[in-house]
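Numbering (our numbering), first residue to last: 786 to 1063.
If you're looking for bench data, these hints aren't it; they were derived computationally from the structure.
Remember, predicted model here, so these are calculated numbers, not experimental data.
One or more of the hints may lead you astray.
When the alpha-carbon atoms are kept at most 30 Å apart in a straight line, the in silico BS3-like pairs for lysine-lysine are as follows [unchecked claim]:
1) K925 - K1000
2) K942 - K897
3) K905 - K960
4) K838 - K868
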Amino acid sequence: MRDLKVVIRFISGVLAFCCMSFFINAATNHPQRIISLGPSITEQLYLLEAQDKLIGCTIYCRRPQEAKTKEKVGTVVEVNLEKIVSLKPDLVIATSLTNLKAIEKLRNLGIKVSVFSSPKNFTELCRQFLELGKLVDKEKAAEDLIHQAENKVAAIKRNVENLPKPKVFIQVGAKPLVTVTKDSFVNDFIEFAGGMNIASNAKIGLYSREEVLMKNPDVIIIVTMGIAGEKEQEIWKKYSALEAVKNNRIYIIDSDKVCSPTPISFVQTLEELVDILQ
């Protein structure tokens, strides 16, 4: 009988150890030292309250303000490989803009790299956010934030569905002139806010001022910052035949708001665009 009790205790101890090992492994399977190579990724990590795991990011990661204090490892395109290696990350999150050779070199060095492509629409933005949440053990938080954003987007769409639909040209580059097509999540900003993107059916984002004149938008939105945006605004004002010029409806909007969204900041920017369009 005593031997049986000893055996039972031994088996119980082994099972307890195995269970403990399982939970320890489950906890440590998630990355603890992350480098973000995209402003939207950085902001999403803060939104998920996973910033304690963020050890480095790009010089363009400016949101939230706290991100400016993190170690800088380069731009969204070119990265400092030596700096990244020195920080000893267990995960680097790259984007479709990150230099492919840099990604390959990091992987050859044994560093795990996950690549998040630019989302084509709001639905894909939310899907990627959930994927990031799973990656950093914040799945429930990601689901809650997505649900919150989806409800607000649905409410906004209902509010504008019976309003007039102004024709909109959204400019994201000057030399050459670049806009957005229906294959960009930026197109969702326009359509969800009750507008019509004059370039939605264009094959590529390259556009000309002549095409803009021909489509004659009611609203022009310039997605640039500072002097460049104001300079473009003055250029457009010379085209007096445009409805947007006649009615003084040329606007400048912060590129960080439009180009690097989280599900929550998407809603905030969408609300701003509703105010502009409606």
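Each hint tested on the structure:
| no. | hint | verdict |
| --- | --- | --- |
| 1 | K925 - K1000 | violated (45 Å) |
| 2 | K942 - K897 | violated (40 Å) |
| 3 | K905 - K960 | holds (23 Å) |
| 4 | K838 - K868 | holds (17 Å) |
Comparing the model with each numbered hint stated earlier shows that hints 1 and 2 do not hold.
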